[in-house]
Amino acid sequence: MTMQSKTSKPTKKRARAQVTATAVHAEHKDGIHHLVGLGNIRVLLVPDGDGWFAQGLEIDYAAQGDSLSSAKREFEDGLTATVHAHLKHNGHIQELLKTAPNEAWDLASDPSVKLKRYSQVTQHHIIREKSNYEGIAYLIAAKSTEGPGDVCQ
Amino acid sequence: MPRKVPRVLGTFASNIEGAADRDIVIQVLRDHGVSVVQQEDQAEGMLLISKGEYFEARRFPVVCRKKLLRRLERKFGIPLSKFYGMIH
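Residue numbers (numbering that gives the first Met the number 0), protein chains in the order written: chain A, 0 to 152; chain B, 0 to 87.
Please note: incorrect hints may appear among the correct ones.
Derived DSS-like pairs (lysine-lysine); straight-line CA-CA distance at most 30 Å [claimed, not checked]: (1) A/Lys87 with A/Lys115; (2) A/Lys71 with B/Lys81; (3) B/Lys50 with B/Lys65; (4) B/Lys65 with A/Lys113; (5) B/Lys65 with A/Lys115; (6) B/Lys74 with A/Lys71; (7) B/Lys74 with A/Lys97; (8) B/Lys50 with A/Lys71; (9) A/Lys113 with A/Lys97; (10) B/Lys66 with A/Lys115; (11) A/Lys115 with B/Lys74; (12) B/Lys50 with B/Lys81; (13) B/Lys66 with A/Lys71; (14) A/Lys71 with B/Lys65; (15) A/Lys28 with A/Lys97.
Think of the hints as simulated: they come from the structure by calculation, not from any bench.
Small disclaimer: the values here were computed from a predicted structure and weren't measured.
Just chain A, same shape as in the assembly:
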């Protein structure tokens, strides 16, 4: 009975560990309007010379800044623009959902390292690039003419 009550009451540590990174992409049926949500992405903030370097863990994106706030802003702006580029070229963000290299994860396990959780929801208006030849309708003839001269006669 005592054990049951212990297991049913989650501790603070356990509740914190349950926070997971999420990525959501919703596309309107018109194919133009997209909504992308990235939630609880962990970003590693590492001193880098006179400035800071922000490296995403669940998403392998990174940015450099002269200050902590500048590194965060560059990370946010750059990631938003990268999401936009993925939507424009691929129509989805699956290629973006790749984790950071091992060296970043090793660094993140150090308790002295600064880790921030980051979430964003962005709206994108995408007109996808189409090939110049998409408007051509090809017609297949049942038989060919005898020669080029036949057409003129």
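Position chain B relative to chain A; hints supplied.
Only chain B this time, still in chain A's reference frame:
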């Protein structure tokens, strides 16, 4: 009269902390087949960097430090030394 530092040594001295100028970084990327262009529909300075199937967007700082250069090395397969090898 101060002794003039040879140009080659001056280049090494500026890269002692592993930093490289933005213009050099962009030039090295282009020399290695990476496309670096202004991204459409985005603020001025937001560049789209792409090679093959991989692409990402970023603003390049005036001075790119080693961690950023290491990332470019990893993503686009350009040896780190190439970013320091260009002498004006």
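Hint check:
1. Proximity of A/Lys87 to A/Lys115 is assessed by CA-CA distance (about 29 Å); at most 30 Å being required, the pair is judged to hold.
2. Taking the CA atoms of A/Lys71 and B/Lys81, the gap is about 28 Å. The hint holds against a cut of 30 Å.
3. For the hint pairing B/Lys50 with B/Lys65, the CA-to-CA distance comes to about 21 Å; that is within 30 Å, so the pair holds.
4. Between B/Lys65 and A/Lys113 the CA atoms are separated by roughly 19 Å; this keeps the pair inside 30 Å, and the hint holds.
5. Restraint check: the Cα-Cα separation between B/Lys65 and A/Lys115 comes to about 22 Å, which is no more than 30 Å; the hinted pair holds.
6. Only pairs whose Cα atoms come within 30 Å are accepted, and B/Lys74 paired with A/Lys71 is accepted, the gap being roughly 21 Å.
7. With a C-alpha separation of about 12 Å, the suggested pairing of B/Lys74 with A/Lys97 holds against the 30 Å cut-off.
8. Our distance criterion of 30 Å between C-alpha atoms is met by B/Lys50 and A/Lys71, whose separation comes to about 26 Å.
9. Between A/Lys113 and A/Lys97, the direct Cα distance comes to roughly 21 Å. Compliance with the 30 Å bound is thereby established for this hinted pair.
10. As the CA atoms of B/Lys66 and A/Lys115 are separated by approximately 19 Å, the hinted pair is consistent with the 30 Å bound.
11. Between A/Lys115 and B/Lys74, the direct Cα distance comes to roughly 24 Å. Compliance with the 30 Å bound is thereby established for this hinted pair.
12. The hinted pair formed by B/Lys50 and B/Lys81 meets the criterion: a straight-line CA distance of about 17 Å does not exceed 30 Å.
13. The straight-line distance between the Cα atoms of B/Lys66 and A/Lys71 is roughly 15 Å, inside the 30 Å bound, and the hint therefore holds.
14. Under the criterion of a C-alpha separation no larger than 30 Å, the hint pairing A/Lys71 with B/Lys65 is consistent with the structure, at around 18 Å.
15. Of the pairs offered as hints, the one joining A/Lys28 and A/Lys97 holds, with about 27 Å between alpha carbons and a cut-off of 30 Å not exceeded.
Figure legend: structure checked against the earlier numbered hints; every hint is met.
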